[in-house]
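> Single-letter residue listing:
4 protein chains.
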Amino acid sequence: MLRYLTAGESHGPALVSILEGMPAGLALSADDINVQLARRQLGYGRGRRMEIESDRVMFRSGVRHGVTLGSPIALEITNLDWRQWEVRMDPTPNPDYKPNPVTKPRPGHADLPGALKYGHRDVRNVLERASARETASRVCVGAVARRLLAEFDIHVYSHVLSIGGVHARRVNLPPAQLHELAESNDVRCTDTGVVDAIHQAIDAAKANGDTLGGVFEVLVTGVPPGLGSHVQWDRKLDGRLAQALMSMQAIKGVEIGMGFAVAETPGSQVHDPIAYDAASAFGFIHTSNNAGGIEGGMSNGETIVIRVAKKPISTLYKPLASVDLETKQSFAASIERSDTCAVPAASVIGENIVAFTIAQAFLEKYGGDSIAEIRRNYIGYLTEIRER
Amino acid sequence: MLRYLTAGESHGPALVSILEGMPAGLALSADDINVQLARRQLGYGRGRRMEIESDRVMFRSGVRHGVTLGSPIALEITNLDWRQWEVRMDPTPNPDYKPNPVTKPRPGHADLPGALKYGHRDVRNVLERASARETASRVCVGAVARRLLAEFDIHVYSHVLSIGGVHARRVNLPPAQLHELAESNDVRCTDTGVVDAIHQAIDAAKANGDTLGGVFEVLVTGVPPGLGSHVQWDRKLDGRLAQALMSMQAIKGVEIGMGFAVAETPGSQVHDPIAYDAASAFGFIHTSNNAGGIEGGMSNGETIVIRVAKKPISTLYKPLASVDLETKQSFAASIERSDTCAVPAASVIGENIVAFTIAQAFLEKYGGDSIAEIRRNYIGYLTEIRER
Amino acid sequence: MLRYLTAGESHGPALVSILEGMPAGLALSADDINVQLARRQLGYGRGRRMEIESDRVMFRSGVRHGVTLGSPIALEITNLDWRQWEVRMDPTPNPDYKPNPVTKPRPGHADLPGALKYGHRDVRNVLERASARETASRVCVGAVARRLLAEFDIHVYSHVLSIGGVHARRVNLPPAQLHELAESNDVRCTDTGVVDAIHQAIDAAKANGDTLGGVFEVLVTGVPPGLGSHVQWDRKLDGRLAQALMSMQAIKGVEIGMGFAVAETPGSQVHDPIAYDAASAFGFIHTSNNAGGIEGGMSNGETIVIRVAKKPISTLYKPLASVDLETKQSFAASIERSDTCAVPAASVIGENIVAFTIAQAFLEKYGGDSIAEIRRNYIGYLTEIRER
Amino acid sequence: MLRYLTAGESHGPALVSILEGMPAGLALSADDINVQLARRQLGYGRGRRMEIESDRVMFRSGVRHGVTLGSPIALEITNLDWRQWEVRMDPTPNPDYKPNPVTKPRPGHADLPGALKYGHRDVRNVLERASARETASRVCVGAVARRLLAEFDIHVYSHVLSIGGVHARRVNLPPAQLHELAESNDVRCTDTGVVDAIHQAIDAAKANGDTLGGVFEVLVTGVPPGLGSHVQWDRKLDGRLAQALMSMQAIKGVEIGMGFAVAETPGSQVHDPIAYDAASAFGFIHTSNNAGGIEGGMSNGETIVIRVAKKPISTLYKPLASVDLETKQSFAASIERSDTCAVPAASVIGENIVAFTIAQAFLEKYGGDSIAEIRRNYIGYLTEIRER
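Chains as they are written, first to last, in the numbering used here: chain Y, 1 to 388; chain L, 1 to 388; chain R, 1 to 388; chain P, 1 to 388.
For reference, chain Y alone in the conformation it holds in the complex:
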């Protein structure tokens, strides 16, 4: 069973993750992960910190001479600005520390419920962990999963569909080419004609002390039919993908395939006809993909298509009203950091989050503890479903 835990405060010494259950024999380099970490830091509309931190992963375990061992993989990212925070965030009581608790919860953040839940008097004790910086850990973990998937010709792509109400037009191309287009610009849109308008929207929001959200789409190609299961609620692939993505910071909506539009469309135009194409990877195909690759809680052999809505960054230069936790007096919320838009980065994070869930379901289906064993099992399955 593939599983992981992440740890780390935003301004603590490091982000640490442990990924458990990866098979042995997978070629894996730090660069496989660093590429994803770098993609996560790009995008028009980011602020100063993205320049400070150039995240690099260190393997602390689980990989030897560029190949996984089957043992847990500990992944660590040093926080480069730790030195500036060492006194304030020291694990040890630090005599230089002048207590300066944050008592002003910021709207849209974990600050208020976190302080109440954990009984914190200093909101910093919440915000450090709730920060979207944690997504760097999830990218690490997902990047390893992605390497596994690539061995079986499963690939994860994404692109941004809209930012702050500016919508890209749909481009009708295979996922790999959509992805390439998205990678060509700093808002990750496949409709390159919309890039300028989005830049302007971000610039205007920034000038306004405001922030913007958006929608991105994740696509997974090459997923064989039968990942997940219809037999029990918590094994359904769509549910697991929805949890993984909705648990990402700032996400407020997840839809699969046609998504909310199914509510507007009669069944005869929603469900995907089934055909057989001996030349296709899995034999049986669908002549449309409104299901977004998942039926009955299982992958159905088509591209998995998920769209995700990210809310605007919660920290505004133009602060919202709040009240002090101790005095209950109103104040204008303080500013912790300063990106205007992180939707392009979110799409990269989303890719890696999805990669993890798909890899987890893949390993459940095919078993095995080494790439060679999994490959043997997988080929056996593909042969069976094609020849049945």
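Some hints could be false.
You can't tell identical chains apart in this list, so a pair holds if it fits in one copy or across any two.
Unchecked claim - Calculated pairs, SDA-like style, for lysine to any residue (alpha carbon to alpha carbon, straight line, at most 25 Å):
| id | residue 1 | residue 2 |
| --- | --- | --- |
| 1 | 98 | 47 |
| 2 | 318 | 385 |
| 3 | 328 | 283 |
| 4 | 98 | 81 |
| 5 | 98 | 379 |
| 6 | 206 | 273 |
| 7 | 318 | 100 |
| 8 | 206 | 265 |
| 9 | 318 | 147 |
| 10 | 98 | 155 |
| 11 | 98 | 207 |
| 12 | 318 | 87 |
| 13 | 328 | 185 |
| 14 | 318 | 276 |
| 15 | 98 | 85 |
The hints are simulated quantities; they were obtained by calculation from the structure and are not laboratory data.
Computed from a predicted model, the values in this text were never measured in an experiment.
Please arrange chains L, R and P on chain Y, whose structure you already have, making use of the hints.
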């Protein structure tokens, strides 16, 4: 830890669930559950089976003299049409059975991926379990959770927002009153003016051999701040709710609070200002609720608001193209059952699914093994957050 | 992931279990389970209830025409003496019920801690679930697992080593033959010469109002090397077996292979030399089996050997001192039931408990959702380790 | 839910653990852990490496100014001899590395099953993770749990009962004093008169190229009645303790309270009479403790008593027969390290492993996210059970 498993084929002898981790001392009657089961069977647009099956739960364990024991609660619904299926679905090899395997997978169902995954030659072996009949089990489990929540003044409501593209207008009332309006008509809309139009849409779809989906909204009032947690991805309440709902049959989208609209709206109009109201249940309040009651993966004290998109029923009288699993020849998909629209029922199911997840998070936060102990812990918490 | 939940009070209407994660395509009949249930009810030293209850399982789901579907298997045993308990144990408030709470906790039972934990005023609310009757559910679940293992030539056996201090001599035979000897007598000893002495010990204890415990051994043959894993504490096979067995009612000790004797023996006489035998099932063999088939938290290809100590039945005719929960006054503990010795039954239960854990680890290693797929994966693995 | 993952190869750069679910507000210093790590490295009979590595933990997250945050705690121990292994164990392909695979599996180790399971050609890829060095991680995690328990006056102790067949006499003293005696000598026996004999046994074994195992006992005082539960197999406290301890390297037996001796003793002398003592911590008491503090899968308010059998270290100077994985030729097993006896260290590890499981069950029972909240809940419970 509250958990459950469900079991049962649609035309098997029974649906069986085990709910584990409910505290002792909760007043619980079969009627508490039967009320929810009955609500699940209502709604304009249902077909013949809803008339056959009038679901009633039997407690097989965990309840004595109307009070929970703290032991696992086994919940069983007898399938009333079992007698007609006994030969075909007999657990034992049955000499009267003339094999008549279903080899024609229906678009939009689990049929194809399920048959490939499990190696079934008879699609019935998939469809019996994948059927939305399983949601009766989830309603049983959720109805028990709901009783627990009611002890702590937490209530779950729902209403239907649209069916087949016909949208109810928003009514500005407290959740309990919205619910009452919804209960007053057979499409569960709070905008009673739209009921006729929806009836007509359903009738038209039915005449057309077609089916309709829709969107419903679930509301949970009285949830204290601090359920779920920001500290680890799989503890976030929004992720867990999204999984629970997306794992429900036919669901293709889940959004919380403002949902996908956050992508269109600048941050200054998305995030909810914080205030303090000593007269309120939890002290701290928000002056709007675009977050839908969840920030940082935790409940924030406001009403939890979730919208869910259900696709049209997959079985059409006007069947879609498919191919035989054995011959690979095209055919027009067969009809297994015949509802035209199940969105009102889905909203009831959604309520109960949400109730389970909230109850699970509630018990994690407050611990305890009896209602008395949980109440003591809960009051202690409420006092603390109000007096801090 | 193979998992299960059990439910049911000892004098409630039924015992219900749900087993989730069994693959499709396994031949399975109620008799496969009833045989184990019957074995569980035998043994010298049992009291009256074993005659009343002749346990028979009913499949409520997951099996069709004698073959598993891959869906959850709901297993139900009707409690035959339910009619006599219906008023006292009615799930519904019953006007005929004259409250007669048990307030006298019995030493050696769950009564006291259970009443305190769950806040029960009537100890019956604890003892009904804590009863060893629950092991009938675990036998059901284990008997299904056993069928799975048999497909892969993995077999589970047991025999009793001692009862009440009377020890069987070790017989040097293969496990299957030991098992056959054990099945030939009502104390399940392979040393048939000791049967009379054990009968006498049980008779004497009974005459004395006393009870006896004992030690039994479970053996599993044909387990391939590599189930479990050394990489994470909770995946180790020995730990999982120890949990499964220690969680069985009345068990106070578990040891694997040489067990506690390793503490008395130098390493040179403990560790098992490795050899290669091309004619053996797995190629590599050990020339002794002090490890009991598990090294580094993994099966090593040898027979798994576990010994388990069961305490004497806690209910004595010659009752022990206790105090009333309400009055705190001393009393002599009441008698709920009346077996003198249940060690032979415990050995049967132990077999089935072990079968579940081995099957779970087996499915994790080989993946797959149907017997055909698992067989293909398994053969691939065996070929690989033999030909490497 | 308290949970953790450990990671790290024995000669890799570091051992890393993540402990998830610890409440906020717990005073915690690195020294709390380092004390336990130092105790783990002591004991007569250890070899050279114990001198090289003086383990020190670093908090990478979850602790600020000496207090836990409620967020995951990442615990890291740098492997001090990493520099000598950097080329051989480099996560990156290293041009200086001359492949020198270990192909000779050592009896008693994970080497053989691990190589077969994971398809490794170099046994080092197994042994690095299977090494008992991993127990340093488990001590880290357990030491944090121990701090939590200490807040509630729950304390974990241990002592060694026998080594290599030399048995300490039982000393009749309270657990804290037994522990103090054990800490006074380098074999951790409370019977100081046996220390010389054990030294001699270890010296003799060492001279012989042999190794010794032994038995230790863990004691937990102050555990309230009601941790764990009787209602479901996997919630029983005894089962969970057995898993935790049996999953520790080299453990072959676990027994609770009277343990295997229950098989020799009639019930009237096994079960513990119940009494009431208003002056005691929990009100109800037992006048003996043969149950070892656990009845019905729950703590019963008495001291928890567990004994654990550790096998002799598997690496012998006088090597055992084995065969090369590639050539299948016999050889005499190679030596990886060189302790003669690690039973005293094992007892320390056992303490910390037990502390984790007790803390996990404690948090399940009392809920809460901060020490203040847990304390309030706990006091409420104690008051209730004392005043009922």
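> So, for every hint listed, does it hold in this structure?
The hints, checked one at a time:
{"no.": "1", "hint": "98 with 47", "verdict": "neither (28 Å within a copy, 46 Å between copies)"}
{"no.": "2", "hint": "318 with 385", "verdict": "neither (58 Å within a copy, 29 Å between copies)"}
{"no.": "3", "hint": "328 with 283", "verdict": "between (64 Å within a copy, 10 Å between copies)"}
{"no.": "4", "hint": "98 with 81", "verdict": "within (19 Å within a copy, 38 Å between copies)"}
{"no.": "5", "hint": "98 with 379", "verdict": "neither (62 Å within a copy, 34 Å between copies)"}
{"no.": "6", "hint": "206 with 273", "verdict": "between (47 Å within a copy, 20 Å between copies)"}
{"no.": "7", "hint": "318 with 100", "verdict": "within (23 Å within a copy, 63 Å between copies)"}
{"no.": "8", "hint": "206 with 265", "verdict": "between (38 Å within a copy, 14 Å between copies)"}
{"no.": "9", "hint": "318 with 147", "verdict": "neither (42 Å within a copy, 44 Å between copies)"}
{"no.": "10", "hint": "98 with 155", "verdict": "neither (50 Å within a copy, 35 Å between copies)"}
{"no.": "11", "hint": "98 with 207", "verdict": "neither (34 Å within a copy, 59 Å between copies)"}
{"no.": "12", "hint": "318 with 87", "verdict": "neither (29 Å within a copy, 54 Å between copies)"}
{"no.": "13", "hint": "328 with 185", "verdict": "neither (46 Å within a copy, 44 Å between copies)"}
{"no.": "14", "hint": "318 with 276", "verdict": "between (57 Å within a copy, 21 Å between copies)"}
{"no.": "15", "hint": "98 with 85", "verdict": "within (13 Å within a copy, 42 Å between copies)"}
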